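Keeping the supplied structure of chain Z fixed, place chain A upon it in accordance with the hints.
Protein chains in written order, with my numbering: chain Z, 1 to 86; chain A, 1 to 153.
No false leads were mixed into what you were given.
Some, not all, of what chain Z presents toward chain A, calculated at C-beta under 8 Å:
| no. | residue |
| --- | --- |
| 1 | Gln-9 |
| 2 | Phe-80 |
| 3 | Pro-82 |
| 4 | Val-83 |
DSSO-like mimics (lysine-lysine), calculated; alpha carbons at most 27 Å apart, straight line:
| no. | chain 1 | residue 1 | chain 2 | residue 2 |
| --- | --- | --- | --- | --- |
| 5 | Z | Lys-11 | A | Lys-129 |
| 6 | Z | Lys-55 | A | Lys-142 |
| 7 | Z | Lys-43 | Z | Lys-11 |
| 8 | A | Lys-62 | Z | Lys-55 |
| 9 | Z | Lys-43 | Z | Lys-15 |
| 10 | Z | Lys-28 | Z | Lys-3 |
| 11 | A | Lys-62 | Z | Lys-3 |
| 12 | A | Lys-147 | Z | Lys-55 |
| 13 | A | Lys-75 | A | Lys-63 |
| 14 | Z | Lys-43 | A | Lys-129 |
| 15 | A | Lys-129 | Z | Lys-15 |
| 16 | A | Lys-63 | Z | Lys-55 |
| 17 | A | Lys-142 | A | Lys-129 |
| 18 | Z | Lys-55 | A | Lys-129 |
| 19 | Z | Lys-11 | A | Lys-142 |
| 20 | Z | Lys-43 | Z | Lys-3 |
| 21 | Z | Lys-3 | A | Lys-129 |
| 22 | A | Lys-63 | A | Lys-142 |
Everything labelled a hint here was simulated from the structure, so no lab data went into it. Given the structure is predicted, the values throughout are model-derived calculations rather than measurements. Glycine included, every Cβ here is placed at the ideal spot set by N, Cα and C.
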Amino acid sequence: MLKILFFGQLKEITKTDSLEIDIIQKGKKMNTVAELRGLLQAKSDIWNEYLAYGKALVAVNQEMTSDDAEINETDEIAFFPPVTGG
Amino acid sequence: MSHFTQISVQSQDFDFAHEYQKLRDSNNSDGALVTFVGLVRDINLQQSVSSLFLEHYPAMTKKVLNNIVEEARTKWQLGSVSIIHRIGQLQVSEQIVFVGVTSQHRQSAYHANEFIMDYLKTQAPFWKKETTTQGEQWIDAKVSDIKKSQDWS
Chain Z
1 MLKILFFGQL KEITKTDSLE IDIIQKGKKM NTVAELRGLL QAKSDIWNEY
51 LAYGKALVAV NQEMTSDDAE INETDEIAFF PPVTGG
Chain A
1 MSHFTQISVQ SQDFDFAHEY QKLRDSNNSD GALVTFVGLV RDINLQQSVS
51 SLFLEHYPAM TKKVLNNIVE EARTKWQLGS VSIIHRIGQL QVSEQIVFVG
101 VTSQHRQSAY HANEFIMDYL KTQAPFWKKE TTTQGEQWID AKVSDIKKSQ
151 DWS
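Next comes chain A alone, as it looks inside the complex:
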């Protein structure tokens, strides 16, 4: 095996152990592997959430995710990078997103993983609509997310 970049946008769930193993198996030179998993929360803005619908702009999504990984690779020496983002209808506590990064030492993997998530949140064309006890509503972008992604530049 050798280092890889994997980007997948899919409606089906992913198996964390399998994705982790793929990153581990990709090489023997990296001493660090950092993963992040985003989940559907049951409460948002004090309202009880029962499910989430995720829409995206297919032609643009992969381009943006590829660009984010390329940008991360110019900032840090990385081994393998994996991004999986789900779309469609998701229930509370389901997995939404997986980001896994390997590198020789931990600092690059930690930073790159956070960078990828911060950029994904403000650049990748996904939109969430939640079903709550009050009905359905589109989620507004958070100023804190925009600010956080600006901190990297």
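Isolated chain Z (complex conformation):
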């Protein structure tokens, strides 16, 4: 299973801090972050808006990466708004 994490405003607005998703969807394996993002965005208008490319950054196994990054079965994939520490 893929472990999906949300942080910051995204976590609050979707009322979701984590979820598990099978990498196989409708008999087909998802290969990239972009495919996973699309699947999550399809959940509702709010998810569609706040998970949009450019609005939510992504980290695969705690490394910030881009939408063409490959994903694998047991990855931890986090989506979050641009960071505002310091």
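Quick look at chain A alone, frame taken from chain Z:
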């Protein structure tokens, strides 16, 4: 004592004098010690701020801060480096972040300290939510911070 890297993410406050002393005591060969402390401001975007909440992604935060220090060490000859970042609920004028760097001469310490803060602001997974007179709101990332961190590469 010898040179060290210290990275801490914590809810409790830090004692500046103590952190400064640790850096000083770490060696006798460095002639420069540069520190930065970030504080909670009482005004942001023309609104009066009463407190700040800081969230982070624990598994990723330490990795990123370690990477930032390693990157700084490849760019400049540094002695000791210390980063402390607070999380949780903070009141106005409280300390948020400490960055301390030692080096033989001042230029490396100045540059590395600024580099670490610039990268931390755009790479480290922290998020601020502020409580203002208008209610609670998540702070948006600043384009100027993103641009500044790009200037280093």
